[in-house]
Amino acid sequence: MRSLSSYPANSGTSKCKQKEDEAIDLHLFSQFLITGIIMGVLYCLMSMGINFIYGIMKVINWSMGEFFMIGAFTQYILLTFLLGADYWYVGVILSALVVFILGALVQRILIKPMFVGIIEAKMEYATIVTISMAIFLRNIAVAIGGPKIYTPPDYAGPTQILTLPLSGNRLVAFIGALILLGLFYYFIKKSWTGRAFQGVAQNRSGVQTAGVNVLKYDMLAFGIGTALAGAGGALLAPIFLVHPLCGLVPTVRGFEIIVIAGLGSIPGILVAGLSLGIAESLGSAFISPSFVDIYGFILLVIILSIKPYGLFGKPEREV
Amino acid sequence: MKIFNLKNIGLLVLLIVAVFLPVVISDYWRFVLTIAFFYTIMAASWNLLGGYTGQFSLGHHTFAMIGAYTSTLLMQKAGAPFWVSIPAGILLTMIISSLLGVMCLRIHGIYLALITWAFAEVVRNYFRLHYAFTGGDRGIDSPLIFGTMKPTPYYYLFLGIAVLAIVLIAVIMRSKIGYYLRSIRDDPIAARSMGVDIVRYKIFVFMVASGLAGMAGVFYGHSIGLISPVMGDFNEMAMIIIFVVIGGMRTQAGPIVGAISVRYLMELLRAQSEFRIVILTAIVILIMRFFNGGLMELFRRLKKWIRRDREGPVSAYQELEQKQG
Amino acid sequence: MDDRSNLLEVKNVVKMFGGLRANDNISLQVEKGEIRGLIGPNGSGKTTLINLITGIYEVTEGSIHYYGRRIDGLQSNVIASMGIMRTFQVARVWRDMTVLENMLIPAFTQGLSRREAKSRAEELLDFALLIRLKDKQAKSLSGGQNMLLQIVRGFMHKDLKLYVMDEPFAGVHQSIKGIIIESIKMMNQGKDVTFLIVSHEMSTVKALCNKVTVLCKGERIAEGTMEEVANDPQVIDAYLGG
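Chains as they are written, first to last, in numbering that gives the first Met the number 0: chain A, 0 to 318; chain B, 0 to 324; chain C, 0 to 241.
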């Protein structure tokens, strides 16, 4: 990939050729920009799930990446043994459903006791238990499936947007993520259940007087949050490939976005997610691809030094 | 306070056993125990910060890495001798941790975990990125303190600094500061209203805990001979938490018992590396869910059960005496 | 009236939470040796005022003075070291520490030695009839016992000048209430401690407090003895009007 500076000044090349090279660079830039936007939106799915669960239960689920991984594996199994490559979108929905059920079960067994008065140090409990779960699930996956990488079939062939080449899988995953995010947004803002969730997030004790069974909503919220991650895993399966550690990178990205955006802000997550995706993509393209992990963190450090609670985060009130 | 009570005699016996143990075990096990002592320091110092003071940091392992790299790089790049690079390594971790501590003053709970997690990842990625200086993913060679690969001197080194760390933590927890730290965890607002300078003690405990981790890291580097960004991997932090939870949070013996027993168990199950982790994390989840105190709580209940058994006949005899008398 | 004859002076204090005026232009003066009541219907800003005095919140406007010296904006622990102790509406004791350990901390921050602190603590616990629970964890105590513990904990301060209490009698058993009242009187008469007590229990306030300040919807609407205030039409309106 050549930048403009690789051309000597006054080299005698015609203006025509210079313009052509500029067009190539713009072309390349746009390509990476689009990839960045796509990945950013996909990472947002993780962050939405983390944020949603936090909003309802004030608990950070450190094992989101593992639910992503379970979603990916479920999708692979479904496509390979049941549905075939053509019905991949059915697979995504089914995988999300499976993860939803699993998440709700986990919540019921492990997290609910926090709220029924059995556990004293709540934040400590949640953090330790979800971190342990993450490692547990990761290692069980290796124990069961072996440390192998499984390749699901492509969802779509390579396509293009305008004149830019684009991986079909990415485009399809992007559209899928947008649909999911849109559905989620609509659900939260417009549906009765969604507004009940908002109520639980804002005033847990108050909303109970309105007849809302917060414990049931806790379970649903955890299920929905993990289902988002699972759907993300299913959508990204052909891109990230399916293996026990495939949830690690999305987890890190998901939390990076949360730290940058601040907990509790949905628009913040979108902004931060897009920024992260773009920073990562452009950084890998124009600086170096081997440090793809670092660009997001550079962004994080810059933003935190200006706004320690994240872009839109609010500090917890004390008394 | 009596020095020569049963508990202290027991500790002394343990110490003597530890000192003479290398005579009866192989080189391999001496090495295993050396690493166990390293993790003991990490677990005990994290327990001070996260268990007792309630500052649930997810970046503790990072300070061991920072200490190791500082000391090693000073020696490799600046030609510093051990007696300069080692204190410098510890000092730098304390300075960085005080900065992090200041940044974390107003954050607590979930946000503290997130910020310290981000800190850990940023630092780890830095060490990977700046490979010209730090050696990147490959890591760098660290000069060995005793100039030899034989494990025995390192065993005693780590035994020594582990005892140092444990004693220091015990002294702190027994002092007035120990009360303040526990009150900060339990209810910081009440603590402030009762006159406890939360800011000062939070930063204090951050620096002490991180300094101990840094010390452990410095000596780790100079004992193993090779350090890499793997030291800052999140798995290391998870292991520390596992040791403390299994041993018993908020007890002084807990982290020690946890670190040593779990490391021993892990060595025994060396062949099945996933299986052992599955078992360990399952145990941690079960402990958190059903039996919060870990091994120390188990011992405490056993002790109580044994004592009650002994008291039984005694009071029955007394009852009999009273009836006759 | 000279500033310094007042132990505590609240001058035109305003506290806003976003758009909500929790405290609106409140002024009051408490003289040394008083037992002042602070009453008013729910939501009138009493707890907010307490939190402002003890450094939990910062004032939006106005100032708070203690012995003539400005204390608003200072950290809670600094204010505590100056001789001001407080209790909370819901007893904030350190649940994982023993009753005795709870008592020791305010003494330690004042520089008392372990021995001094321990003997003083045992004396107070004995008076409060909590001495047999001294080695029990605070979490095993009842709510009323914890309120009592919270209160006598404040008495551990070796140089206590002002004690601010937020609903010390709420939901507390009659016998414990008696001990609390007795300890307030004892400290006030014997050690010249000034009290500012928020309470809903009118009969207790009447019996205990020389003077009462009434808040309603963030403003001060009346001040005087309990009789004067009880006949004030504004006060009656505030309680009945809601």
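Hint data in this document are derived by calculation from the structure and do not stem from the laboratory.
These numbers were taken from a predicted model, which means no experiment stands behind them.
Yeah, the Cβ is synthetic: ideal placement off N, Cα and C, and Gly gets one too.
Hints are not guaranteed to be accurate.
Unchecked claim - Reference listing, derived: stretches of chain C covered by chain B, where coverage requires no fewer than 3 residues with Cβ under 8 angstroms from a Cβ of chain B:
#1 22-36
#2 59-66
#3 85-91
Claimed, not checked - Calculated cross-link-like contacts (lysine-lysine; reagent style PhoX-like; alpha-carbon spacing at most 25 angstroms):
#4 Lys57/A to Lys138/C
#5 Lys160/C to Lys121/A
#6 Lys303/B to Lys138/C
#7 Lys302/B to Lys157/C
#8 Lys133/C to Lys302/B
#9 Lys157/C to Lys175/B
#10 Lys138/C to Lys175/B
#11 Lys6/B to Lys133/C
#12 Lys121/A to Lys210/C
#13 Lys10/C to Lys6/B
#14 Lys175/B to Lys205/C
#15 Lys138/C to Lys111/A
#16 Lys175/B to Lys184/C
#17 Lys138/C to Lys160/C
#18 Lys157/C to Lys303/B
#19 Lys303/B to Lys160/C
Three residues minimum, CB to CB under 8 angstroms: does the stretch 85-91 of chain C make the cut for coverage by chain B? Let me know.
Three-residue rule met by the stretch 85-91 of chain C, so holds; n is 3.
25 angstroms Cα cutoff - pair Lys6/B, Lys133/C
holds (23 angstroms)
Lys303/B and Lys138/C were given as a pair; does the straight-line alpha-carbon distance stay at or below 25 angstroms?
holds (20 angstroms)
Is it true that the CA of Lys160/C sits at most 25 angstroms from the CA of Lys121/A?
violated (37 angstroms)
Can the stretch 59-66 of chain C be counted as covered by chain B under the rule of three residues or more with Cβ-Cβ separation shorter than 8 angstroms?
violated (count 0)
Restraint status (C-alpha distance of Lys157/C to Lys175/B at most 25 angstroms)
holds (17 angstroms)
Hinted pair, alpha-carbon criterion (25 angstroms max): Lys138/C, Lys111/A. Please report holds or violated.
Between Lys138/C and Lys111/A the Cα gap is close to 22 angstroms, so the pair holds against 25 angstroms.
Could you grab the alpha-carbon distance between Lys133/C and Lys302/B and see if it respects the 25 angstroms cut-off?
Distance ~22 angstroms between Lys133/C and Lys302/B Cα, so the pair holds.
For the pair we were handed, Lys138/C and Lys160/C, check the Cα-Cα distance against 25 angstroms.
violated (29 angstroms)
Run the distance test for Lys303/B versus Lys160/C: straight-line Cα separation, threshold 25 angstroms.
violated (45 angstroms)
Does the structure keep Lys175/B and Lys184/C at a Cα separation of 25 angstroms or less?
Violated: Lys175/B and Lys184/C sit about 31 angstroms apart, past 25 angstroms.
Measure nothing beyond the straight line between the CA atoms of Lys138/C and Lys175/B; if it is 25 angstroms or shorter, mark the hint as holding.
holds (21 angstroms)
Against the hints set out earlier in the document, violations occur for numbers 1, 2, 5, 7, 12, 13, 14, 16, 17, 18, 19.
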